[in-house]
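Novice: Sequence:
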Amino acid sequence: MENQAQLTPQEIAVRSHDITVCLERTSVSEFDELTKLGKAVRLALHLRGVPAVKYSILKDVAVHLLDFPTDAVRPVVELLAEAEFVRLDTEGRTIKAVIPDVPFYEALFSNLGEVIGTNNFSEPEELTLLLLHRLASSPMLAEQVYNWGSDKSLVNRIIDIGQQSSFIINQRARGKTVLVSPTYFPENSQAYADLVSASGSQRVRKILNLLRDNQGWPLRILMEKRELAGVRLDDNELAIIKMLAGEGFVPPPAIQTSHAGTNYFLFGPRPGTTRLLPYKRPVYEAAMALVAAVRQGQLLPAEYAIHSPRALLRSFKEKGYLNANTEAIEQYRQVAALRVGRLETTDLGWAKLLLIDLPENIEAVDMAIGLISGSEPSLTANEDIILSLRKGQRYVESLIGRKRIQQDRVVPPDEETQAAIDSYLLRGR
Numbered sequence: 002m003e004n005q006a007q008l009t010p011q012e013i014a015v016r017s018h019d020i021t022v023c024l025e026r027t028s029v030s031e032f033d034e035l036t037k038l039g040k041a042v043r044l045a046l047h048l049r050g051v052p053a054v055k056y057s058i059l060k061d062v063a064v065h066l067l068d069f070p071t072d073a074v075r076p077v078v079e080l081l082a083e084a085e086f087v088r089l090d091t092e093g094r095t096i097k098a099v100i101p102d103v104p105f106y107e108a109l110f111s112n113l114g115e116v117i118g119t120n121n122f123s124e125p126e127e128l129t130l131l132l133l134h135r136l137a138s139s140p141m142l143a144e145q146v147y148n149w150g151s152d153k154s155l156v157n158r159i160i161d162i163g164q165q166s167s168f169i170i171n172q173r174a175r176g177k178t179v180l181v182s183p184t185y186f187p188e189n190s191q192a193y194a195d196l197v198s199a200s201g202s203q204r205v206r207k208i209l210n211l212l213r214d215n216q217g218w219p220l221r222i223l224m225e226k227r228e229l230a231g232v233r234l235d236d237n238e239l240a241i242i243k244m245l246a247g248e249g250f251v252p253p254p255a256i257q258t259s260h261a262g263t264n265y266f267l268f269g270p271r272p273g274t275t276r277l278l279p280y281k282r283p284v285y286e287a288a289m290a291l292v293a294a295v296r297q298g299q300l301l302p303a304e305y306a307i308h309s310p311r312a313l314l315r316s317f318k319e320k321g322y323l324n325a326n327t328e329a330i331e332q333y334r335q336v337a338a339l340r341v342g343r344l345e346t347t348d349l350g351w352a353k354l355l356l357i358d359l360p361e362n363i364e365a366v367d368m369a370i371g372l373i374s375g376s377e378p379s380l381t382a383n384e385d386i387i388l389s390l391r392k393g394q395r396y397v398e399s400l401i402g403r404k405r406i407q408q409d410r411v412v413p414p415d416e417e418t419q420a421a422i423d424s425y426l427l428r429g430r
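Our numbering runs 1 ahead of the 1-based position in the sequence shown.
Please keep in mind that the hints were generated in silico from the structure rather than gathered at the bench.
With a cut-off of at most 30 Å between alpha-carbon atoms, the simulated DSSO-like pairs for lysine-lysine come out as follows:
| id | residue 1 | residue 2 |
| --- | --- | --- |
| 1 | 55 | 37 |
| 2 | 226 | 243 |
| 3 | 353 | 320 |
| 4 | 320 | 281 |
| 5 | 37 | 60 |
| 6 | 153 | 37 |
| 7 | 281 | 353 |
| 8 | 177 | 243 |
| 9 | 318 | 281 |
| 10 | 207 | 153 |
| 11 | 97 | 55 |
| 12 | 60 | 97 |
Pair ranges (Cβ atoms, derived):
| id | residue 1 | residue 2 | range |
| --- | --- | --- | --- |
| 13 | 144 | 338 | 44 to 52 Å |
| 14 | 316 | 224 | 30 to 38 Å |
| 15 | 199 | 154 | 28 to 36 Å |
| 16 | 252 | 304 | 27 to 35 Å |
Heads up, the beta-carbon is just placed ideally off N, CA and C, and yes, glycines get one too.
With the sequences and hints as input, model every part of the structure.
Specialist: Here it is in structure tokens:
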């Protein structure tokens, strides 16, 4: 098997978190350290910046709001204490209070991953972590996983667990089975499956990684220069790029200028691990329009190029406007049409872009900065849960009251495991 030592402690912690979030209250007999680490990451995210909290309140929050089994809370809290993310106020063996001291994101993930250790995972856990890490960058052919060297029955079991827990889906395309993780590709799963089955997952993975790091690149420049970010592209890879610009994927924004004609700006998968809510789609489209506009100024200027698109967008957010220039009217026409900003003429042929100060527009600028930076959004905590930890029992009870009582679910064992259980039970009679 491609071994799990290829993953850094930070990557192990992130993937454990993502798997645990998908599992919710589902129990999987093959998972032990993986879910403990995932729960520790999730609880730590909600404890960062919180003052000392009674253990009884923390336990209620973990069980009723974060979907922890009751008996999982103490081991998770003790793991956080071992990582020095919390201090425990104890009386004998009783934990009275928890005093958080949780670091920022990168240290949070890497420190927890190091504390739990890379050698403590079972083979099913190792395979699950490696598979989800691989699926985070691109869908892949199922047959590739069987070539990693693990027993076929184990691979089948992990894929089955992933399907039942919604962090893996099987898609059939061109007579092949393609594995897609809706955690990282929540939209267009069939289109990606078709792409992988036609072009191979290694090529698709290469192109998607390049596009993630270079969002909004002009399609014409990609095709003419046959490279992206200094990486040469062959005919097959250029064909993948053309397919990504076509039907089934995010439609590339277009900008028409008098000096460069009509250009399309290509985007890779949307960053994030959740499906875009319908009311957020206009915000994301506005962010793409902003990125396309600054890429136009960076790579296809009439005269003076934008040297740092990210710095320009940050300035736009902070100052509320972009300085006037002669290219603004054509460059930012679509941004103005989407009501993110408005164009104000300052002289003959000159205009400045003014930010329309609305929450959704600020969010669009932040999204655009994230896209242009090639960065994944940080894992976020639920603000209601943080408030419950700060405010105490009454607020916790009000949140619990909003949530229906849930039943724990167990992923049923495979046939071999069930046979072993039955044999054990029969011997005991």
